[in-house]
Each structure stands twice: as C-alpha cells, then as structure tokens.
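Novice: Quick mapping for you: the protein sequence lines, in order, are chains A and B. Residues in the first sequence are numbered consecutively from 34, following the working numbering. Residues in the second sequence are numbered consecutively from 296, following the working numbering.
Take these hints with a grain of salt, some might be off.
Listed next, the stretches of chain B that the computed footprint assigns to chain A, with coverage defined by at least 3 CB atoms under 8 Å from CB atoms of chain A [to be verified]:
1) 440-449
2) 490-498
Covered stretches of chain A, going by a simulated chain B footprint (3 or more residues, C-beta under 8 Å) [as the list claims (entries may be wrong)]:
3) 56-62
4) 96-109
5) 201-208
6) 222-236
7) 268-279
8) 318-329
Calculated directly from the structure, the hints in this document are not laboratory data. Being a predicted model, the structure only gives us computed values, none of them experimental. Where is the CB? At the ideal position from N, CA and C, for every residue including glycine.
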Amino acid sequence: MSDRDPQAAWLDAWASTQRDLWQKMLSGQAPTPAVPGPTQFMQFFGQPLPESSQDVTRKMMDFGEGYLGVAREFWKLVESTGAAGGASPEQKLKRDLEALQSSFTQGFARLYGAGPLGADLLGAWQKMAGPAASADSPMPAWPGLPALGITRERQEAMERLGKAAMRYQQALGRYGELLGRVSSDAVERLTRRITRIARPDEQIGSFRAMYDLWVECGEEAFAAAAHGTEFAKAQSDVNDALMELKAEQQKQVEDWARALDLPTRTEMNTLLKRVNTLRRRLREVEEELESGRRKKSK
Amino acid sequence: MNPFSIDSAKALEEISAFSSKLAEGARAVAGIGEVEVGCSAKDAVYAEDKLTLYRYRPLAPDSGLAPVLICYALVNRPYMVDLQQDRSLVRGLLERGLDVYLIDWGYPDGADRFLEIDDYVNGYLDRCVDQVRQAAGCKAINLIGICQGGTFSLCYTALHQEKVANLITMVTPVDFQTPENLLSKWARDLDVDRMVDVMGNIPGELLNVTFLSLMPFRLTSQKYVALGDIIDDTRQLENFLRMEKWIFDSPDQAGAAFRQFIKWMYQENRLVKGALELGGQPVDLTRVRCPVFNIYATQDHLVPPSASVPIEALVGSGDYSAFAFPGGHIGIYVSGRARQVPQAIGDWLLAHREPGRPARRRRKKAVGSGQ
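Turn these sequences into a full structure, and let the hints steer you where they fit.
Specialist: Structure follows, in structure tokens:
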C-alpha cells in the first residue's frame, strides 16, 4: 500500500491484487482470476476520488478493467493455440476463436462504455426518456380495451402512453440487436485477420497489439453497418419512438398543470414566440430609424 | 503458423505494467485537478443575450490588416481555438500582429428555444461584425468561420458581402450529402420537427454522444486504454484532460435553429441547391465575391473533405485558395501540425491586404475581461 497518497491507497491494492491473480493464472494455479473491479476496491476502502477527476478516472478504471477482461480471454486463446505445439492448423484456431466468440464479444463489448456497444447513446436516449421509459411505466393492463364512462379520456391517454412506451422499448430492442450484430461481425473480422497471419513479423506479441487489432476490426464492422440504411433507420426509429413517448408524457403533465392553474409549456412557448416576434420587429424599426437618420444627415 | 508470440512471463510483465500505470494514471489525474482552458488575455467588448464578443490583447506589433472575427460553431465551446499556449489558433494569429475577435455564443437555455438561423446570422453575427468594424474604423473585416460557424459565415458573406473583406472557412461543410458523411446519413431520416417540438432545445449531451458514436471503438474506448502510454508525462496528461473537458462541454442547441440546420442543410442540402433563404433573402453563394481561403482536414470524420471542397465551385469569388490540412477535425487546432494553420492564414491575409486601411484604433473600455 502506498504512503504517498493515502487518499488513493486502494489503487495500489487493486493493482497488486491484479498482479497476484494473474501470476496465479499464468502459472496454472487458478483457471481464471475473478478480480473485483476498481470501483469495488474504492468502495471497500471508502476513499472516493476528488470530484474534479471523478469522471475521467472512472472511465480510465472502467475501460482498464474491460481491457484486462479481454486480456484474460486472449490468454485462453494463446494457451489453446500453444497447446497444439505452436503450429496450430488454421481450422483449430478458427474453432478456438469460435468457442471464445461469445466471451470475446461480451468482453470486448464491455470496453465500449463499460457496457454493450452503443450503451452511451442508448443511455443518453434513456435519460431523455425519463420515467416513462422505465420498466414501471404506466402500462394499461388491457391496452386494446375500449374506453368507457367518465374516466374515458384519462384511460385513453394512459393507453396511448403505454403503447408509446412499448413502441420505444421495441425500437430500442431492434437497435440493440443491430449493435449485437456489429459486435459479432467484429469478432468474425478479428478471426479472419488472425488466421491470415503467416509470417513471424506479423505475429501478435502483446495483449495491447491484440486489443488494437480488435479496435480496428470493431471500427471496420461498425462503419460497414453504420453507413447502411438499416442502421440509420433503426436509430431514427428509436429517436422517433422516444419523442412520441415524451410527447404523451408532456400531454399528461400539461393536463395536470391546467387542472391546477399552473403555467404550461405551451403557454410559455406562446409567450416566448411573442417576445421573439416583438424583438425582431423592434430591431426592424430601429434599423429603419437609423437608415432614415443616415439619409437625413447626407 | 502460431499467430501469437507471447509467453507467460511476457504476459505477466505486460499486465503488471498496465495495472500499475492505470493506478498511477488515476492518481495523477486526481492530482492534477481542474485543468484551465483558454490561454490568451482577452476583453469582452460586446454582450447580448447569451453572446459575448471578445477582443484578444495584442502579442505583436500591428500588422496593419483588417481585424479578424472568429465565428465558431454553436456546437461545443469556442475555447478550442485558444486551448493552451502551444495549441492556440488565436495565439498564432496574435503573434502575426492580427487584431483578433471571437464570438462566444454562450449556453442557450429554454428562453432561447425559438432562436432561428436568421437570428444567428443576420442578428447576432451581423451585430458582432458591426461592432468590430466600428471599433477598427473599417468598412470590411476578415471573417473566419469554423465548422457550423463556417456555414453561417458563408451565408453571412453572401448576404452582407460589403462587410467582409476576406472569408476564411475552416472545416466548413457546404455539401451535406456526400457519401462519406455518416452524420448526414443518420440525420436524413430524423423526424426533427417532432424532436424539437417535444424537447425544445436539443441537449448537448445527445449531440456529443452522437459525435462519439461515429467512431465508437476509437473515441470511447481506445483513447482511455491508450492513456496509459502518456500517464508518466504530466504535460501530455493535462493536454488530454483539456481535450476531455472541451469534448464534454457541449451547450444545448436552440431548438428552432437546430431544426432548420438539420432540415435545410442535412436533409434538403439547400446551400448546394441554392434554395436557402434567410430573413426573406435568398442566400446565393455566388454573391460571395471576396477572396475565400478554405481550410479542410483530410481525415475529418465529421466534415469530410467532400463536404467542404465544393465551396470553390459554389462561391462567386474569382480568388479561391484551399489548404488541405493533414489531420482530423480537431487535429486542425491541437495536433503537432496545427501551427501550420495560423501561419497559412497569416500568409494568406498578408497576400490579400486591403490597401489604405486605417491603423488600429485604441481599445475602448471593455465590458469585462477574461484570461
């Protein structure tokens, strides 16, 4: 443990635990080291990071953790290939990579925002969606049930909200599927690149080299998908479904606000538009006056 | 052949080094604390709504050239042009004796949701140009438009040619529908009307994440893993943190202007088609008659060269020059080669000096100042 900076002693503890567990794994004493993540260490030691550095440090540690997870998968592959006498036939290597495809996909996917590929974008959308996008959104028990009686309008509004929430979840699901395909394609590209290695100077000599190769394959796979119409459509479907959901939410909030005689967004917008129109008109008048003054002075 | 040449000793060495560097890096980042951005001394000379117009203090004897006004994009903050002493477009211009002004659009909020492109171009930008002209006592200024600010500057020059002596566009899109433009492909199907009707202003965070999603593996993963390579170098680490601060410092976008920009530019490509109107006036790029210097980045993934190069064919100027910067959209300000840019601008402006311009006027009392 470091005495340089007692505030961050957990960092040394985490690094040293990593080393010990990797040593055990590499010497065959433990199959796969299950190292607690840096966040768990930080919580255990009760030493939060200074606020100014929290965001970058957390990203560094999250991505570092993801990277080490990928390195573990990579080591399995190295060992498996080495077990065949260092001259594994192409077919065997392909089989090994295929066997590891699932864990590779998951492991590598963690590198993207410490979550699945696209997690950041999905996260930003979810954040915008607010409470209505969560699992406990108000969903009618019988979405197709005809609305009757005095609560008819309220029931219809809830149904619309429920349907919008469902459409949003479906769109999100389709987008997620597409991103999953990108991850799989990236692994396939990686497999092809590895199996093509034929000369000693092309051999992969470090985890980092393997990781960089993965990033290259990942970007290639992503670009291939992202330039296609299916991807653009899936993205805009998520966006449109989310906007529909938010619009329904807003309608309900406005109803409540009107019932309580509170100002609504619609009223605010009307006022802002009027102010903008007045400002533009005022400027026009000012310019006309100025131009008149200039003409007069000539 | 075995595609791997890595044994357990080498593996342990690499993992140990990586873990230690990561821990050291986290400690170093925590130790640095808040990084400062914007290195050149400047004074606020005009303010209106959220906008502030800054004038930088001189660093060299007056070149005698008309003042330069930098019009940055609404997306992200303009301090990118003056990030730090050794990475500053502004500083490069000041060192060449130029009188430099910068528009800071500020952070729009709910009250700004109905601001339109016309308000930005014929309103704010025009009034800033007038302020600079008045302060310098000249009829026309040198306008530098950057990215979306470049598109605005093109429109502005087409509408107010008499006020612009020379136009410099940097990483500026004009053709928004070229095949390399991924952002354009994503924007084309967007129901932007509904988006703006529902959200009012568009959150900066959403735009930011969209930009990062254009190259998700490189921009959101690899750079943090690669951070380990520079962790021992405090200076480089600070540079990295400044960039991080800038990248995630994204103002919300005024809804009405965002709607127009997406529809008119990305979806309808009106500038190329000559179909754009602002404030009831057609924006005819052939009316851009002043000399134009277009700087684009050859590896720009946000504004690919194909989006910017057509400026030459669209403007009416018979004096067009281009500078293909070997780098990306951000590298043009902060990479090792970025010093070439103010040099190129300075040289080009000197070659396009307006004869008989009055000497620089004394500074008026500032409305505020910043370092």
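Novice: With a Cβ-Cβ cutoff of 8 Å, does the region 268-279 of chain A contain at least three residues near chain B?
Specialist: Coverage by chain B holds for the region 268-279 of chain A (7 residues, Cβ < 8 Å).
Novice: Mind checking, does the region 96-109 of chain A have 3 or more residues with a CB under 8 Å from chain B?
Specialist: The restraint on the region 96-109 of chain A holds, since 7 of its residues have a Cβ under 8 Å from chain B and three suffice.
Novice: Establish whether the coverage given for the region 318-329 of chain A by chain B is satisfied; the threshold is a Cβ-Cβ distance below 8 Å, and no fewer than three residues must meet it.
Specialist: violated (count 0)
Novice: Closer than 8 Å Cβ to Cβ for three or more residues is the test here. Does the region 222-236 of chain A pass it with chain B?
Specialist: With 8 residues in contact (Cβ-Cβ under 8 Å with chain B), the coverage given for the region 222-236 of chain A holds.
Novice: Take the region 201-208 of chain A, compare each residue's beta carbon with every beta carbon of chain B, and decide whether three or more fall closer than 8 Å.
Specialist: Three-residue rule not met by the region 201-208 of chain A, so violated; n is 0.
Novice: Verify this for me: three or more residues of the region 490-498 of chain B with a beta carbon less than 8 Å from a beta carbon of chain A.
Specialist: Coverage by chain A holds here, the residue count being 6 at a Cβ distance below 8 Å.
Novice: Given as covered by chain B, does the region 56-62 of chain A meet the bar of three residues or more with CB within less than 8 Å?
Specialist: This one holds; 3 residues, not fewer than the three required, reach chain B with a Cβ under 8 Å.
Novice: Counting residues of the region 440-449 of chain B with a beta carbon closer than 8 Å to any beta carbon of chain A, are there 3 or more?
Specialist: With 0 residues in contact (Cβ-Cβ under 8 Å with chain A), the coverage given for the region 440-449 of chain B is violated.
Hints 1, 5, 8 from the list above are not met by this structure, while the remaining hints are.
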